[in-house]
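Enquirer: Sequence:
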Amino acid sequence: MPQLGDPNFHRSVVLMIEHGEGGSMGLVINRGAPLTLGELARGQSMKIAQERTQQPVFLGGPVEPHRGFILHDDESIPEKHPVMPGLYLSVTLDALAPLLENPSPRVRFCLGYAGWGPRQLEGEMERGSWLFSEATAQAILEGNPSQLWDETLRGMGVDPAMLMVGKGLN
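Terminal number for the sequence shown in the working numbering: 170, no gaps in between.
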């Protein structure tokens, strides 16, 4: 929501990965980084399928921006953590290598993550700073990043044009 006021999350769609008493962790899935998978692969001296070279890398959040998180739908990757049906999270170079080489799996690579301390996210939600919606693997892996925020809101029955920061009357 606009009233959050944090530029790291302006018009951001965050996929919540963990939420518990110790805090919360999520990945921003709609903010592109000034980097492609091809550039990332070259920097790591990794092989990459030609079809993947121009795919964007995403800014997953402001915490540990050097750390990579791979959202994908490849069941054959040994190092994976199920997020929801049809969506896995991998965090190692051993998982990244076959995902870059194979053009078939759907992949969204994020640098960094969004983190909240204990009860911080609940407080932000109580203040109306966030809206919550169920996620789908298709929207996460195939959604157009520039339209994902608007599409997510519209899917909730909210017109994005109606969201604005409240101003006091003079």
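Possibly wrong hints are sitting among the right ones.
DMTMM-like mimics (lysine to aspartate or glutamate), calculated; alpha carbons at most 20 Å apart, straight line [stated by the list, open to error]:
| id | residue 1 | residue 2 |
| --- | --- | --- |
| 1 | Lys80 | Glu18 |
| 2 | Lys47 | Glu18 |
| 3 | Lys47 | Glu64 |
| 4 | Lys47 | Glu79 |
| 5 | Lys80 | Glu101 |
| 6 | Lys47 | Glu101 |
| 7 | Lys80 | Glu21 |
Okay, the calculated beta carbon distance ranges per label pair [said to hold, decoys possible]:
| id | residue 1 | residue 2 | range |
| --- | --- | --- | --- |
| 8 | Gly32 | Arg154 | 32 to 38 Å |
| 9 | His10 | Glu64 | 17 to 23 Å |
| 10 | Asp94 | Arg127 | 23 to 29 Å |
| 11 | Gly86 | Gly32 | 19 to 25 Å |
| 12 | Pro145 | Glu101 | 21 to 27 Å |
| 13 | Arg42 | Gly155 | 33 to 39 Å |
| 14 | Pro78 | Met162 | 33 to 39 Å |
| 15 | Pro82 | Met125 | 20 to 26 Å |
| 16 | Ser104 | Arg11 | 27 to 33 Å |
| 17 | Pro62 | Gly155 | 37 to 43 Å |
Just so you know, these hints were derived from the structure itself, not from any lab. Even glycine gets a Cβ: it sits at the ideal position worked out from N, Cα and C.
Enquirer: Take the hints in turn and mark each one as holding or not.
Expert: To see whether the hints hold, each was checked on the structure:
no., hint, in the structure
1, Lys80 <-> Glu18, "holds, 15 Å"
2, Lys47 <-> Glu18, "violated, 31 Å"
3, Lys47 <-> Glu64, "violated, 25 Å"
4, Lys47 <-> Glu79, "holds, 19 Å"
5, Lys80 <-> Glu101, "holds, 17 Å"
6, Lys47 <-> Glu101, "holds, 6 Å"
7, Lys80 <-> Glu21, "violated, 24 Å"
8, Gly32 <-> Arg154: 32 to 38 Å, "violated, 21 Å"
9, His10 <-> Glu64: 17 to 23 Å, "holds, 20 Å"
10, Asp94 <-> Arg127: 23 to 29 Å, "violated, 41 Å"
11, Gly86 <-> Gly32: 19 to 25 Å, "holds, 23 Å"
12, Pro145 <-> Glu101: 21 to 27 Å, "holds, 23 Å"
13, Arg42 <-> Gly155: 33 to 39 Å, "holds, 37 Å"
14, Pro78 <-> Met162: 33 to 39 Å, "violated, 46 Å"
15, Pro82 <-> Met125: 20 to 26 Å, "holds, 25 Å"
16, Ser104 <-> Arg11: 27 to 33 Å, "holds, 31 Å"
17, Pro62 <-> Gly155: 37 to 43 Å, "violated, 26 Å"
In summary, the numbered hints that this structure violates are 2, 3, 7, 8, 10, 14 and 17.
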